[in-house]
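Enquirer: So you can see what is in the structure, the chains are spelled out below.
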Amino acid sequence: MRTFFVGAGLVALCVGCATAAGAQGWVTDARRIGLGGLGLDQGSLRRYNAAYRAVPGRAGQRGRPKLTIPIPLGLIQFFHDHPLSNIKNDPAFNHDSAGFNPVELLNTFLNPPLFLEVKKAPTPTNDVVFGIGKDSLRLNLGQTAKLVPEDQFGIGGSSRPLDAGLSIKGVRVGVMGWVHGELGFQLGDKLLGFLRDSVPAAPNTRYNIPGDAVFEAGFAPSIGYAGRIVGDSTTGLYVGGAFHYYVGLAYARVNGDGGFTTGDSIFSGPTPVKLDARGLTQYSKFGNSVGHGVGGDIGIAVVTGPIELGVGVNDIAATITWPDTRVDSALYRDSSFSKPVANHIETKTKLPVSYLVNLAYTVGKTTLGADVLNSGRGTTVHVGGEQRVGVLVLRGGVARDQRKRMEFGWGGGLRFGGLGVDLGFWTHTNSLSNQRGVTMATSLSIY
Amino acid sequence: MKAKWLGLALVSAAVVTGCGEGRAIFNVDLYSFLKGTGSDTVPYFALPGFSADTASPPRKVNLPGAGSSIVDSVRAFGTVDLVNATGSGTIGLQVYLAADSLGTYKPSALAINVPSKSVSGTNTTRDTIRVDLSAAFDSLFTKSQLWIRFGASVSNPGATTLQGKAVLASLLLTVIIKDKFF
Chain A
1 MRTFFVGAGL VALCVGCATA AGAQGWVTDA RRIGLGGLGL DQGSLRRYNA
51 AYRAVPGRAG QRGRPKLTIP IPLGLIQFFH DHPLSNIKND PAFNHDSAGF
101 NPVELLNTFL NPPLFLEVKK APTPTNDVVF GIGKDSLRLN LGQTAKLVPE
151 DQFGIGGSSR PLDAGLSIKG VRVGVMGWVH GELGFQLGDK LLGFLRDSVP
201 AAPNTRYNIP GDAVFEAGFA PSIGYAGRIV GDSTTGLYVG GAFHYYVGLA
251 YARVNGDGGF TTGDSIFSGP TPVKLDARGL TQYSKFGNSV GHGVGGDIGI
301 AVVTGPIELG VGVNDIAATI TWPDTRVDSA LYRDSSFSKP VANHIETKTK
351 LPVSYLVNLA YTVGKTTLGA DVLNSGRGTT VHVGGEQRVG VLVLRGGVAR
401 DQRKRMEFGW GGGLRFGGLG VDLGFWTHTN SLSNQRGVTM ATSLSIY
Chain B
1 MKAKWLGLAL VSAAVVTGCG EGRAIFNVDL YSFLKGTGSD TVPYFALPGF
51 SADTASPPRK VNLPGAGSSI VDSVRAFGTV DLVNATGSGT IGLQVYLAAD
101 SLGTYKPSAL AINVPSKSVS GTNTTRDTIR VDLSAAFDSL FTKSQLWIRF
151 GASVSNPGAT TLQGKAVLAS LLLTVIIKDK FF
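Line order of the protein sequences matches chains A and B.
Our numbering puts the first sequence at residues 1 to 447.
Our numbering puts the second sequence at residues 1 to 182.
Extracted from the complex, chain B is given alone in its bound form (with noise of 0.2 Å):
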């Protein structure tokens, strides 16, 4: 049913434009599925020495859906809060997409791995997002939903319990759809 949407919106665009040689650029706002859902913060708690890895629950995500169409590329930004509580140390971020629930647990799912970032006593650090996502995971984009999860891998190497949440403030994907989508 979402797939209609597409239709119409296709159907919409090349009622005027005639499709040309221009592209439809599709800009998903992941954020807006995952906001207020839990899905959009993630916890993250290591003890002195230690690393961990901690990960929000995958969330779905409605698409339009692009049927046969062919996607020329992906492109993710976004904006992340790591709001730390105690101690200091590295946060990584990871963002898992796939079909389905149990596949963003797969290792083939990670779509965007997020360099680590320092962290230290009480403080929010706004850490970015962009990057361009790998063609393998076009085929994605064609569905009419996919599910995303975020993960993050913390380090501690400091002598205090490191403890906080990183927040997702923003994540925009640019889809680009090359021209022949009927």
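Next comes chain A alone, as it looks inside the complex (with noise of 0.2 Å):
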């Protein structure tokens, strides 16, 4: 029984916090982390507008690094505090440990432990009082009923974890490896009105979260353009193309109800409460046929002395179909039941579009920037600047992170010829905490 309750815990942690995992990026390189997610790069503009692949780089920038590797201080401190010897008995991960917290360990998934948490963000500490009678029961979170969410939530959003390719002219023949993902869920009323407003369980009454999820992986031979068109290097017109022939490898997509159902009375029948779940499962494995479909980027970008502008637009009409996939229903209610509805069905599937608008100014050792992103499941706007000082460089940012909290970045770094190290602090909401934590990020990079 304590398994399920765990499971079902960890289940639904993930859940509530599904929000701060996607609030922000993935970010490994510690010269963004302090520029508040800002990047001010030609490497990670180029990502989201194919322009940038011609656009020089600016006056006074040190130049792009060939390879920026984490320091991983966080794993160090996370493998002294969780010594691998002894991690099946460590509290931390046993469920069966009266010391098992899974909110720890879902902090932890949420921050991954790369880089130290130099301040962590406190979980709240208010008491948890449930009314318990014979046909009642309530349940009052006091404060922290704020951070029940009351819209739909969930992570995900499309990347590319592949981008290789020769360019001739301005002419690139490349593949890229493209991978979409996104979680969502939303409480039902009902179970919302219990969490958030303390509305007392009705009997004979559905408490239910509506989800659905869907990943989809591949990759994709491309062919683009990138190139000035207007002007000289010092001020000039850039334009970006690319055109991309997607090929599906493996896809699946879930649409789910999970909850509860109350008995004819709260607590004094003998089935108070019985759990329930349905869902459709649409899906293609991997050795299946493959989905394919055609999509494009297109970029813009506008160097006109110290001012740099640029929008980049990703994967417009890049659907995908799958000729071959599988859809099953699945029921759970005192057991689980599943059954095929239909076989070798086509399905289409369409990858979000993702934008970059940014702005970046430079005058002198000083570089100012902001950009507005949205790589298919909410905006985030930063705003950042970096001052070089010698060897010595300076960095800050602000960011508006997905669930529109502000965060804020700063760091430094020092280069010494080829070689250059940086540090960087970047708040969070990552954590099941209303309030932000600390990440101090290193990383080295060779150029």
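Please note: incorrect hints may appear among the correct ones.
Residues on chain B that point at chain A, a partial pick, calculated with CB under 8 Å [what the hints assert, rightly or not]:
#, residue
1, 23
2, 24
3, 25
4, 26
5, 28
6, 29
7, 33
8, 62
9, 64
10, 128
Here are the simulated DSBU-like pairs of lysine-lysine, each with C-alpha atoms no more than 30 Å apart in a straight line [claimed, not checked]:
#, chain 1, residue 1, chain 2, residue 2
11, A, 146, B, 60
12, B, 35, A, 134
13, B, 35, A, 274
14, A, 348, A, 66
15, A, 404, A, 119
16, B, 178, B, 117
17, A, 134, A, 274
18, A, 134, A, 146
19, B, 60, B, 143
20, A, 274, A, 146
21, A, 274, B, 143
22, B, 117, B, 35
23, B, 143, B, 35
24, B, 178, A, 348
25, B, 178, A, 120
26, A, 120, A, 339
27, A, 339, A, 274
28, A, 88, B, 106
29, A, 66, A, 146
30, A, 285, A, 190
31, B, 165, B, 60
32, A, 274, B, 178
33, B, 35, A, 190
34, B, 178, A, 88
35, A, 365, B, 178
36, B, 143, A, 190
37, B, 165, A, 190
38, A, 119, B, 165
39, A, 88, A, 119
40, A, 190, A, 274
No lab work stands behind these hints: they were computed from the structure.
All C-beta atoms, glycine included, are put in the ideal place defined by N, C-alpha and C.
Work from the hints to combine the two standalone chains into their complex.
Expert: Set out below in structure tokens:
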């Protein structure tokens, strides 16, 4: 029974904090962390703006590192606290241990300990009060009820983990890997009222969480062009575009609804509550027939003296057709059932359109920048800048994450010849808390 | 099955509170389980110069069940109306708690012993219950059910028959669960 609770707890906790997880990206570069998540260098800009393949480095820019290696101080601390030799018995991971706390485990998941957590976000500490009677159950979460999400929440977006190619005179032929994943939930009205507004549980009532998830991945042979069409290297207009033929390797979608239904009475009946779940799954396994589709990227960048402005849009009209998918329905009520609904049917999916609007201003040894990024699920805004002083660089920035919370970054770096060491601090709300934590990132760059 | 309530409740709480150092406090309205069943009333009768013990039948109370959680403390609050019909004397109340019906008859099941209160004539006297339960009973509240039985010890030093009934008016248990209840 304990395993059931722990399992259910972990799942629910994941649900509860999925918003937080998706609110900020996973960045391993201490320079970018010091800028509050702002990507100032061409390397990060060309991911979303095809024109940036042609835009030269800004004057005064120290060049793009060939390699950036994160220094995992957080992992050293983590393995010091949780030795691998004793990991099976570690209370942090052993749910049979009296010291096991799923919150700590999930905070570890939400804040992978690559970097050092210099300030942990405190978890709420107020008491939770349950009112229990023969025909009543009421939950009062106190101040923490504010953390119950009212709207849909989730994580997701698209990424390109691989982008290799050859360029000749602006024309680029290559192949990119692509991944699209989304996970979304929304508390049903009844459950929302029970958790957030302390509405008493009612008999014969269903409390549920509808949710959906999609995952698809593949690769895409691409051909593109990026070049300057007007001006020179100091003032110019750059355009870029790419055409992708998407090949899908695997796809799965789940639309589900889980919850529980109260019995005739809350506590006096033989079955006070029944758990249930139902879902519809659609999938095309890896190795099955591949999906296919076409789409493209376009981008434009304007460089005029110290000012640089760009707009890039990715995965335009990227619809993937999966010619051979299977649909199953699954139901849980006391025990689980599953049955095929359809097989060998065609399914279409659509990659989210992502876009980046960026602005940079460089004067002397100072660079200021801002961007608005949407990678498929919510918009983030970053504003930051860096000041170079000899071998030293100072950085700072602010961001508005997908949860519309302000986050702050600051840091600095040293560069000696071809080697750079960077340090960045970043506030985050990737924890089960309504307060910020602070991560310290360190990385080594080879130029 | 009752344990599922706890699971759901704790999961719900954990979703938003993250447990932290906060406690889970269960306010269990025991009276709601006893009201109207007859187990909320203990008739008493004692002849002049005699003492007598009387009790209501045991009653089952469903609880969420706290599994392997650790109960920190349990406090009882309640009121009892001593509805005296005739005579005068003293009445003491006892509340027995046990994991099963028969267990409530064991002396070790005595969880609450309310000091004797004087009654006389045709009057209703309200008595209050406010006591911290012994840690020996903590484990009962981690289970999905417990049994409760009320008793009354009546002493009649007077010259007329002492008769009446003790009627439970409210009984609330506050069970405080320690942080790491998973």
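Enquirer: Hint by hint, note whether the structure agrees.
Expert: Going down the list of hints, with the structure as the test:
Because the beta carbon of residue 23 (chain B) sits about 5 Å from the nearest beta carbon in chain A, less than 8 Å, this interface hint is met. Against a cut-off of 8 Å between C-beta atoms, the interface hint on residue 24 (chain B) holds, since the closest Cβ of chain A lies about 5 Å away. Here the hint on residue 25 (chain B) is kept, as its CB sits about 5 Å from the closest CB of chain A, short of 8 Å. For residue 26 (chain B), the interface hint holds, since its Cβ comes within 8 Å of a Cβ in chain A; the closest pair sits about 5 Å apart.
At a threshold of 8 Å, the smallest CB-CB gap from residue 28 (chain B) to chain A is about 5 Å, leaving the interface hint in force. Using the Cβ-Cβ criterion of 8 Å, the hint placing residue 29 (chain B) at the interface with chain A is satisfied: the shortest such distance is roughly 4 Å. About 5 Å separates the beta-carbon of residue 33 (chain B) from the nearest beta-carbon of chain A, less than 8 Å, and the hint is met. The closest approach between the C-beta of residue 62 (chain B) and any C-beta of chain A is roughly 5 Å, which is under the 8 Å cut-off, so the hint is satisfied.
Look at residue 64 (chain B): its Cβ gets to within about 7 Å of chain A, closer than 8 Å, so that hint holds up. Among the interface hints, the one on residue 128 (chain B) is violated; its C-beta lies about 20 Å from the nearest C-beta in chain A, farther than the 8 Å criterion. Restraint check: the Cα-Cα separation between residue 146 (chain A) and residue 60 (chain B) comes to about 37 Å, which exceeds 30 Å; the hinted pair is violated. As the CA atoms of residue 35 (chain B) and residue 134 (chain A) are separated by approximately 10 Å, the hinted pair is consistent with the 30 Å bound.
Proposed proximity of residue 35 (chain B) and residue 274 (chain A) is supported: the alpha carbons are some 26 Å apart, at most 30 Å. Restraint check for residue 348 (chain A) and residue 66 (chain A): not satisfied, since their Cα atoms lie roughly 39 Å apart, outside the 30 Å limit. For the given pair, residue 404 (chain A) sits about 21 Å from residue 119 (chain A) by alpha-carbon distance, which is consistent with the 30 Å threshold. With a C-alpha separation of about 36 Å, the suggested pair residue 178 (chain B) and residue 117 (chain B) falls outside the 30 Å cut-off, and the hint is violated.
Simply put, residue 134 (chain A) and residue 274 (chain A) have alpha-carbon atoms about 17 Å apart, close enough for the 30 Å limit, and the pair holds. Proximity of residue 134 (chain A) to residue 146 (chain A) is assessed by CA-CA distance (about 28 Å); at most 30 Å being required, the pair is judged to hold. Using a Cα cut-off of 30 Å, the hinted pair residue 60 (chain B) and residue 143 (chain B) holds, with the two alpha carbons roughly 12 Å apart. A threshold of 30 Å between alpha carbons decides the hint, and for residue 274 (chain A) with residue 146 (chain A) the separation of about 27 Å falls inside it, so the pair holds.
Taking the CA atoms of residue 274 (chain A) and residue 143 (chain B), the gap is about 19 Å. The hint holds against a cut of 30 Å. Between residue 117 (chain B) and residue 35 (chain B) the CA atoms are separated by roughly 23 Å; this keeps the pair inside 30 Å, and the hint holds. With a CA separation close to 22 Å, the supplied pair residue 143 (chain B) and residue 35 (chain B) stays within the 30 Å bound. Straight-line distance between C-alpha atoms of residue 178 (chain B) and residue 348 (chain A) comes to about 50 Å, which puts the hinted pair past the 30 Å bound.
Under the criterion of a C-alpha separation no larger than 30 Å, the hint pairing residue 178 (chain B) with residue 120 (chain A) is consistent with the structure, at around 22 Å. Straight-line distance between C-alpha atoms of residue 120 (chain A) and residue 339 (chain A) comes to about 46 Å, which puts the hinted pair past the 30 Å bound. About 22 Å separates the Cα atoms of residue 339 (chain A) and residue 274 (chain A), which keeps this hinted pair within 30 Å; it holds. Taken as a hint, the residue 88 (chain A) and residue 106 (chain B) pair is broken in the structure, with Cα atoms around 43 Å apart against an allowance of 30 Å.
With a CA separation close to 45 Å, the supplied pair residue 66 (chain A) and residue 146 (chain A) exceeds the 30 Å bound. Simply put, residue 285 (chain A) and residue 190 (chain A) have alpha-carbon atoms about 36 Å apart, too far for the 30 Å limit, and the pair is violated. At roughly 21 Å between alpha-carbon atoms, residue 165 (chain B) and residue 60 (chain B) fall within 30 Å of each other, so this suggested pair holds. The suggested pairing of residue 274 (chain A) with residue 178 (chain B) holds, with an alpha-carbon distance near 27 Å, which does not exceed 30 Å.
Taking the CA atoms of residue 35 (chain B) and residue 190 (chain A), the gap is about 29 Å. The hint holds against a cut of 30 Å. A threshold of 30 Å between alpha carbons decides the hint, and for residue 178 (chain B) with residue 88 (chain A) the separation of about 24 Å falls inside it, so the pair holds. Simply put, residue 365 (chain A) and residue 178 (chain B) have alpha-carbon atoms about 57 Å apart, too far for the 30 Å limit, and the pair is violated. Between the alpha carbons of residue 143 (chain B) and residue 190 (chain A) the distance comes to roughly 28 Å, so the proposed pair stays at or under 30 Å and holds.
Distance restraint check for residue 165 (chain B) and residue 190 (chain A): the Cα-Cα separation of roughly 43 Å exceeds the 30 Å cut-off, and the hinted pair is therefore not satisfied. Distance check on the hinted pair: residue 119 (chain A) and residue 165 (chain B) sit about 62 Å apart at the alpha-carbon level, beyond 30 Å; violated. Straight-line distance between C-alpha atoms of residue 88 (chain A) and residue 119 (chain A) comes to about 27 Å, which keeps the hinted pair within the 30 Å bound. The suggested pairing of residue 190 (chain A) with residue 274 (chain A) holds, with an alpha-carbon distance near 15 Å, which does not exceed 30 Å.
The structure shown violates the earlier hints numbered 10, 11, 14, 16, 24, 26, 28, 29, 30, 35, 37, 38.
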